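Undergrad: So the chains spell out like this:
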Amino acid sequence: GNSVTQMEGPVTLSEEAFLTINCTYTATGYPSLFWYVQYPGEGLQLLLKATKADDKGSNKGFEATYRKETTSFHLEKGSVQVSDSAVYFCALRVRGGYQKVTFGTGTKLQVIP
Amino acid sequence: GAVVSQHPSRVICKSGTSVKIECRSLDFQATTMFWYRQFPKQSLMLMATSNEGSKATYEQGVEKDKFLINHASLTLSTLTVTSAHPEDSSFYICSARVPAGGQETQYFGPGTRLLVL
Chain A
6 GNSVTQMEGP VTLSEEAFLT INCTYTATGY PSLFWYVQYP GEGLQLLLKA
56 TKADDKGSNK GFEATYRKET TSFHLEKGSV QVSDSAVYFC ALRVRGGYQK
106 VTFGTGTKLQ VIP
Chain B
11 GAVVSQHPSR VICKSGTSVK IECRSLDFQA TTMFWYRQFP KQSLMLMATS
61 NEGSKATYEQ GVEKDKFLIN HASLTLSTLT VTSAHPEDSS FYICSARVPA
111 GGQETQYFGP GTRLLVL
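Quick mapping for you: the protein sequence lines, in order, are chains A and B. The first sequence runs 6 to 118 under this note's numbering. The second sequence runs 11 to 127 under this note's numbering.
Any given hint might turn out to be false.
[What the hints assert, rightly or not] Taking lysine to any residue and the SDA-like style, the derived pairs with C-alpha atoms no more than 20 Å apart in a straight line are:
#1 A:113 - B:120
#2 A:105 - B:74
#3 A:113 - B:52
#4 A:105 - B:101
#5 A:113 - B:123
#6 B:51 - A:8
#7 B:51 - A:47
#8 A:105 - B:77
#9 A:105 - B:59
#10 B:51 - A:48
#11 B:51 - A:44
#12 A:105 - B:42
These are computed hints drawn from the structure, not numbers from a lab. Computed from a predicted structure; not experimentally measured.
With the rest of the complex left out, here is chain A (with noise of 0.2 Å):
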């Protein structure tokens, strides 16, 4: 079957450090990852994704390469900010069906002034 395993956290930085964030799956057949961001209170969104393998997805300066040999796709960023406190969580989708969305189990990251 299907499933995504990403680093436990809670992961704590302080502002302006570099943020990695594992993650690694397994699928059949050829899927698309995702990084979802929640922030506190509210539903998740989608931070970027990527659907073959050697693309990078990137937004708010967040980055995460999807590496076929390694099945991977971890999440990167230069200089966290203290808004980028949030649970992120790592999935993936096989094509066909429903599309349904495999996550990972989150990692809670809190960014200390």
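Dock chain B against chain A, hints included.
TA: Frame of chain A; chain B shown alone:
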């Protein structure tokens, strides 16, 4: 971007009662909506896929008679937790799928916190 709302945002009920949660797509029509359940420190688990005008498709292990899903219109899907028990306490999240076009995306609601006493 597209907006999905859920109502209520939080509900507390007594054991044995039924609770209805609404999921609405506010500025688009969604032929497909998904219902997820999220336990503390765990991932979102897909419960069912809801298609407008047809019966929902439930994931393995999800009781159909326990979690009733109705998708009567292109902008509204409801999840009813029947005869709720404390173990049903959880965070329920819906998402709505924007119809095709090659850049399909799911938009998520803010979630509903259910506490069964």
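Undergrad: Each of the hints needs a verdict: does it hold here or not?
TA: Against the structure, the hints:
1. A:113 - B:120: holds, 17 Å
2. A:105 - B:74: Given pair residue 105 of chain A, residue 74 of chain B holds - Cα atoms ~18 Å apart, limit 20 Å.
3. A:113 - B:52: holds, 11 Å
4. A:105 - B:101: holds, 19 Å
5. A:113 - B:123: holds, 19 Å
6. B:51 - A:8: Satisfied, since the Cα-Cα distance of roughly 16 Å is no more than 20 Å.
7. B:51 - A:47: Roughly 16 Å separates the two Cα atoms, so the pair holds.
8. A:105 - B:77: Holds - the C-alpha atoms of residue 77 of chain B and residue 105 of chain A are around 19 Å apart, at most 20 Å.
9. A:105 - B:59: Holds, because 8 Å separates the two Cα atoms, which is no more than 20 Å.
10. B:51 - A:48: holds, 16 Å
11. B:51 - A:44: Measuring from Cα to Cα gives roughly 15 Å; hence the hint holds.
12. A:105 - B:42: holds, 11 Å
The structure shown violates none of the earlier numbered hints.
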